[in-house]
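J.: The primary structure of each chain is shown beneath.
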Amino acid sequence: MSVLVDRDTRVLVQGITGHQGTVHTIQMKQFGTAVVAGVTPGKGGSVVEGVPVFDSVRDAVAKTGANTSCIFVPAPGAKDAVLESVDAGVRLCVVVTEHVPFHDMLVMYPYARSKGTRIIGPNCPGIGAPGKAKVGIIPNVVFRPGRVGVISRSGTLTYEIVNGIKEIGLGQSTCIGLGGDPVIGTTFVDALPMFESDPDTDALVLVGEIGGTAEEDAAEYVRHQFTKPVIAYIAGRSAPPGKRMGHAGAIITRGKGTAESKVAALEAAGARVARFPYDIPQLVVEAVRSARR
Amino acid sequence: MVKLAEWQGKKVFRSYGIPVPRGEVARSPAEAERLAREGKVPLPCVVKAQVLSGGRGKGGAVRFPNTPDEVREATADILGLEFKGEKVREVLLEEKLPIVRELYVSMTLDRSQRLPVLISSAQGGMEIESVPDGSIDRQVVDPFPGLTGYEKRSVSKQFGLTPLQARSVGGVLDALWKIFVQEDAELVEVNPLAIVGDGVVALDAKVIIEDDAAFRHPEFAEVRDDRTELEEIAREKEIAFVQLDGNIGVIANGAGLTMATLDVLKEFGGAPGVFLDLGGTDDPKKVSEAFLLMARAEPAAVFLNIFGGITRCDTVAKGLVEAMGQVPTSERFPLVARIRGNNEAEGIQILRAAGVTAISDLREAAQAAVEAARRRP
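Protein chains in written order, with this note's numbering: chain A, 65 to 357; chain B, 322 to 698.
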């Protein structure tokens, strides 16, 4: 078992003919993912890295049985790409695209949910389950099959942390980069139950950032409903209020979204909170060890 | 964030039917005096600095002159101000209205509910942060079907309005909703919304347009903002660049990693001065633009933290050396690079050969950066 992706995952890449789309199609295939189709309107009939390209998601799904979409379409077209996948019956949309207006998410998210499609992202590195499938852009080298789950609002920071778990001799069950935007399709609270019920996950690493209250909400869930050990880290402790730190979501406004409040909430929920990213692997080792006892 | 000045926000309000006071913008004392003399702005009037920070009343940035001469003097005083670090370039002259009560309404995003939220309070006129939580009402608004009649009635009831006033408030709320959606706003705030006779008037306007939606709103392209000059240049080059108080420049790829790097630097006694997030790119052109931009911020040292995942570290290192070469000798800064991931040994070798302090351990590298900054006067 793994979370959201497995050996039955059949990926279609929206925006496959762009630079990013092509580069990551190669990477996903090298990971062992079944990339079965690409979609770029107007380029139907061509082939990219051995993957047939279609004009529409509907065609791609009908011909290839794709059930998961990885979206690289530039921001102005991202909403349309998601809606197209939702209407074609795709179950999971991983939106890698950054700078998608949150107003577009306010439309996409409820629509997708009403049709039973899950969105991950936007502005996210995607999801990977070593030995099974990867949808998105997390580097292949950081993965190693194992029993630690990872959910994160960051991108490259996630790679570091996932890599750290590998280097200390453990591996991952599933890693999900949720994205750093103000409105995302899958939050910590949405993802936690999936890891709770995943028999292949023994411990969970939660990587948060300043801004919003997603980590506080997660802490509330962890406290009452999550039984596995949680190791957490919050980036941005030294960020000043009112300054947007790269991500549209990472900003302390109106006294809300501070690292202190998130760390306190997670600690109160029983999570081991790392002060720095390099402290995480050791905490994971300890958590796994004490859980086995 | 595209923050509109008050007068720009009021222009938007007017176009959506929200009543605002009669007013004119002036950029010099003489212009203000003329507007008053010609009756374009009725006297007595209000003169308000057009700045993006709040608290203008207390800060002497709002005046109430009675004659054209007083208008000129008040404008001269306000235009001479530097308000919370921002130079005042414009004033808004407005008619003074007989205010009965001051209310608060705004539309913004509730991130955790993933829905817009209508916020209202009968205690308008002060910063909403200082209003007790029990006096603030929040209603999430579902984009489908949009703001409903009962939601508007609930606000009017909370305000205790006459039927005519309630109708006027209802119109304002409808407009807030439309502005929020159609203008891709992050925040539309009316504070205070004044009761004047049987109706209401928006005495202030705070409108923030979402940056990511700016491509749909070329009309706001020229809006000035509270970014520094370098932050403005960075924005044009699509580099996430934030100026902070310290003297160490930080460059990393990804916002989370960049923030974590700042945290680590601070732990070892460093003071981050610039946050520069390269994003997912390893495009050599962008890296050298980032370096040139960083040089202009005159950091005592620069700490670069790169995780090479898909791109190999040696490729990244070659790009860095090239980018450093683009920076004029006089503007060069001591560079400490922490580089980790694919082909990291080769990457470190290339950097060291070029005179860069290259270390793969984050702690050691951070300490080296703090040390390098300390050695610099």
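No lab work stands behind these hints, which were simulated from the structure alone.
Among the hints, erroneous ones may be present.
Quick list of in silico lysine-lysine cross-link-like pairs, DSS-like style, CA-CA up to 30 Å [as the list claims (entries may be wrong)]:
#1 A:LYS320 to B:LYS587
#2 B:LYS527 to B:LYS587
#3 B:LYS587 to A:LYS307
#4 B:LYS361 to B:LYS332
#5 A:LYS307 to B:LYS332
J.: Each hint needs a verdict: does it hold in this structure or not?
T.: Tested hints:
1. Restraint check for LYS320 of chain A and LYS587 of chain B: the C-alpha separation of about 22 Å stays at or below 30 Å, so the hint holds.
2. The suggested pairing of LYS527 of chain B with LYS587 of chain B is violated, with an alpha-carbon distance near 35 Å, which exceeds 30 Å.
3. At roughly 17 Å between alpha-carbon atoms, LYS587 of chain B and LYS307 of chain A fall within 30 Å of each other, so this suggested pair holds.
4. Only pairs whose Cα atoms come within 30 Å are accepted, and LYS361 of chain B paired with LYS332 of chain B is accepted, the gap being roughly 16 Å.
5. A distance of roughly 27 Å separates the Cα atoms of LYS307 of chain A and LYS332 of chain B; the hinted pair therefore holds under the 30 Å criterion.
When held up to the earlier numbered hints, the structure conflicts with hint 2 and nothing else.
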